[in-house]
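**Q** These are the residues of each chain, in order.
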Amino acid sequence: AQKVTQAQTEISVVEKEDVTLDCVYETRDTTYYLFWYKQPPSGELVFLIRRNSFDEQNEISGRYSWNFQKSTSSFNFTITASQVVDSAVYFCALPRGTGGFKTIFGAGTRLFVKA
Amino acid sequence: AAGVIQSPRHLIKEKRETATLKCYPIPRHDTVYWYQQGPGQDPQFLISFYEKMQSDKGSIPDRFSAQQFSDYHSELNMSSLELGDSALYFCASSVRARWYGYTFGSGTRLTVV
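Protein chains in written order, with the numbering used here: chain A, 1 to 115; chain B, 1001 to 1113.
If you're looking for bench data, these hints aren't it; they were derived computationally from the structure.
Mixed in with the good hints there might be a few duds.
[What the hints assert, rightly or not] A few chain B residues facing chain A, derived, Cβ under 8 angstroms:
#1 Asp1042
#2 Leu1088
#3 Ser1106
[Stated by the list, open to error] Below 20 angstroms or equal to it, Euclidean Cα-Cα: the simulated DMTMM-like pairs (lysine to aspartate or glutamate) are:
#4 B:Lys1022 / A:Glu44
#5 B:Lys1022 / B:Glu1051
#6 A:Lys3 / B:Asp1056
#7 B:Lys1057 / B:Glu1075
#8 A:Lys38 / A:Glu15
#9 B:Lys1052 / B:Asp1030
Glycine included, C-beta positions come from ideal geometry on N, C-alpha and C.
Can you build the whole structure from these sequences, using the hints too?
**A** Here it is in structure tokens:
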């Protein structure tokens, strides 16, 4: 079965704190992709990152970094020095099957960053 | 760069009415996907089309239908609307061979009253 679990429903931090959003996935595919999306209060889904299963290198983009570990089936997302504009719901997602026509989303983690 | 265009952005309908949502994919994208996101929920896959043919189907109610036209735009038709259909409806598009690169539109917020 394909499944994405984001155990943290809501996280609240104070500006400038670092915060890590957890994502654990299950898949039988040997080749797969994982995504993170941000959904701000305005509602649109903003693509943040895509990672394929062959690439376990961690990635850093500005204040964002991702830690992909196949051994633990985790793809965690860290925001360094959080800002109020980071307040949003963050979804981890797993396209299903080699065609990827269906994407399985985690339940999302709502991040509140207080000034 | 061109993005996925959805129209309208907001739609208010009464129960039992019909609604049509439109999606214009990124140019040269041949695959379109529809997702429904209820309040406080994660997006759920509804249906996808590749080269104007339905390619996959998710939890789409029988009251809903969709199609992809010759210009690759897609329309989601919803009839006999119910209060529970109130949601954000997202469309995404991709080139099938690079499905992992698909991009979502900004969504249509449907409110059924």
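**Q** Give a verdict on every hint.
**A** Right, here's what the structure says about each hint:
For B:Asp1042, the suggested interface contact is upheld, since its CB lies about 4 angstroms from the closest CB of chain A, less than 8 angstroms. Of the supplied interface hints, the one on B:Leu1088 holds, with its beta-carbon coming within about 6 angstroms of a beta-carbon of chain A, less than 8 angstroms. Annotation: B:Ser1106 was flagged as interfacial toward chain A, and the flag holds, the nearest CB pair being 4 angstroms apart, inside 8 angstroms. Pair hint B:Lys1022 plus A:Glu44 holds up; C-alpha atoms about 16 angstroms apart against a cutoff of 20 angstroms.
Restraint check: the Cα-Cα separation between B:Lys1022 and B:Glu1051 comes to about 17 angstroms, which is no more than 20 angstroms; the hinted pair holds. For the proposed pair A:Lys3 and B:Asp1056, the alpha carbon gap of about 18 angstroms is at most 20 angstroms, so the pair holds. Our distance criterion of 20 angstroms between C-alpha atoms is met by B:Lys1057 and B:Glu1075, whose separation comes to about 15 angstroms. Of the pairs offered as hints, the one joining A:Lys38 and A:Glu15 holds, with about 18 angstroms between alpha carbons and a cut-off of 20 angstroms not exceeded.
Pair hint B:Lys1052 plus B:Asp1030 holds up; C-alpha atoms about 8 angstroms apart against a cutoff of 20 angstroms.
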